[in-house]
Amino acid sequence: MAGMRVPPEMFRFTSGERAELYVAVLHAFGEANERLETALGLDDVRARLRSIGWLDPLDDGELADALGQLKTWQLLDVTQNHAENYRTADEYERRNLQYSLTRRGEAALAGVVHAMSVLASTGALQTAVLDAIADRLGELAGHLSDAATADRRVFSTLTELEGHLEALRGNTRQFNGELQRLLRAEGADQETFREVKAATVAYLQEFTENLEQRAHTIATRIELVERHGVGLLHHRALLGAELPPVPGQDPGAAWLELRRARWEGLQAWFRPVDGSTPRVLQLFSVARRAIIALLQVLDRITESRRRSTSAVADFRELARWFAVAPSEADSHLLWSTAFGLGSARHAHLGHPDPELVSSSARWEDAPPVEVSALLRSAGRTERFSRTGRVRDVAAVKAARADQARAERAALRAAWDLLDTGGGVRLSGFERLDHEVFERLLDLLGRALATAPDDDGVRRGTTSDGRVEILLRLPADDHRAPATLRTPRGVFVGPDCDVEIRVVGGRGASGSREAAR
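The letter at position 63 of the sequence shown is residue 63 when you use the working numbering, and the numbering goes up by one with no holes.
Some clues are possibly wrong.
[Stated by the list, open to error] Label pairs and their computed distance ranges (CB to CB):
1. D146 to A253: 39 to 49 Å
2. S358 to R391: 44 to 54 Å
3. A413 to R5: 49 to 59 Å
4. Q74 to W54: 17 to 27 Å
5. D416 to R391: 56 to 66 Å
6. A268 to P452: 35 to 45 Å
7. R391 to R431: 38 to 48 Å
8. P452 to A413: 51 to 61 Å
9. R400 to R260: 52 to 62 Å
10. E62 to R260: 44 to 54 Å
11. G229 to A19: 43 to 53 Å
12. E435 to R260: 19 to 29 Å
13. G229 to A268: 17 to 27 Å
Just so you know, these hints were derived from the structure itself, not from any lab.
We treat Cβ as the ideally placed atom computed from N, Cα and C, and that holds for glycine.
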């Protein structure tokens with residue numbers, strides 16, 4: 001593509017006899033930029049080279065030639081320093097010229113640094129990144145619904161979301177490449193090879209355990225943000241970005257175009273607008289196929305290790321048995337048992353036209369007869385019949401879809417029932433269905449498993465981040481216990497203050513009435 005064309009001189013500094021010096025000089029300018037030093041003289045460049053570990057002897061002429069070559073490739077820019085006072089001609093020659101990185105030089109250095117980091121890093125499938133994407137989307141939905149939220153908060157949250165998405169894409173792409181190389185690899189050390197593949201299987205299984213649930217949560221929150229308007233989101237983020245003015249052009253147009261492209265990338269991963277399969281589910285399929293392939297390889301390695309002997313040893317042992325056989329009949333019996341050979345089962349087959357072949361003709365002179373390969377394994381020839389009917393699974397799929405919808409509806413009803421909308425006493429629930437009571441116990445367990453904050457509040461959330469519970473234990477031991485009744489029994493425990501928040505819940509009044 002024309003937009004991806006790299007300038008021919010841009011990475012020429014990475015090859016040739018002096019490539020190491022050129023790379024070190026650019027790294028020296030990069031280190032200077034980190035310290036907000038944009039222009040370096042000859043002595044400054046030499047000092048920076050020593051600071052990054054360049055210890056080879058380098059005279060002024062060689063260093064000046066290297067700087068001049070980088071300027072020829074448009075990676076460095078040179079200016080004269082008119083603000084200094086020079087006492088001697090030698091000092092003028094050494095301190096007059098000031099070098100600085102051009103935009104092309106910054107891009108070339110960033111490309112080299114990124115390439116080396118990719119070579120040194122390993123990809124990963126991180127569920128924490130998926131949870132972070134869901135959290136940022138939830139925060140964006142909250143910011144858009146609240147007009148009082150500062151535009152800077154919208155900008156910072158959107159930036160964090162795009163950073164998490166880019167990390168997910170980069171790590172997934174790199175991990176998939178490493179996974180495919182692992183599937184093709186044949187390790188010399190079988191024990192190490194087996195341990196690596198077994199650990200990879202466990203890693204993939206842990207990642208795919210709740211992947212569909214996390215993907216559904218992210219898709220739901222994308223839809224929630226889109227209800228408020230993606231255009232409004234980008235407009236408020238642009239206001240919060242506070243872009244500096246650029247002479248002759250509006251930086252906001254290019255900034256908005258980049259935001260739209262990244263939002264389309266987010267949709268392609270979790271909620272495609274064209275109805276195609278989300279990439280995160282494609283990743284799920286790739287992980288499942290990799291698990292199956294790795295397990296098959298592990299089975300082959302295990303079977304090969306179980307074999308206690310070889311074919312050579314088997315034949316030698318069989319030769320000893322033949323040597324000690326008491327009679328020729330016993331030798332024939334041993335032969336038949338060991339190799340399973342018998343008379344030809346295709347001797348009953350005839351030619352298509354038996355009259356063309358004399359019955360007295362020798363087998364060597366007679367034309368060959370086509371023998372079915374099925375005779376060897378099954379002892380019979382093929383029989384061609386009508387193809388079996390393909391089973392209609394539409395009813396099974398419909399029943400499973402109805403079951404899944406019913407389970408999701410029951411889960412939503414349970415969360416809506418437990419949504420307090422504010423702080424309530426645990427005893428206020430009084431009577432609950434057993435399934436709802438089990439979810440309440442799970443929330444209480446998650447909260448009690450965490451340490452209290454400065455206000456004495458314990459917080460817990462479900463794995464999908466949709467439900468949050470705030471638990472305050474009683475200040476004294478004399479408070480009346482809480483009694484909750486279910487169709488299967490009675491629960492008695494300390495009466496504490498609880499607050500359960502559900503994303504998209506219906507509020508406190510309806511929940512408490514439904515609980516009663």
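Q: Report the numbers of all earlier hints that the structure fails to satisfy, in ascending order.
A: 1, 5, 8, 9 and 12
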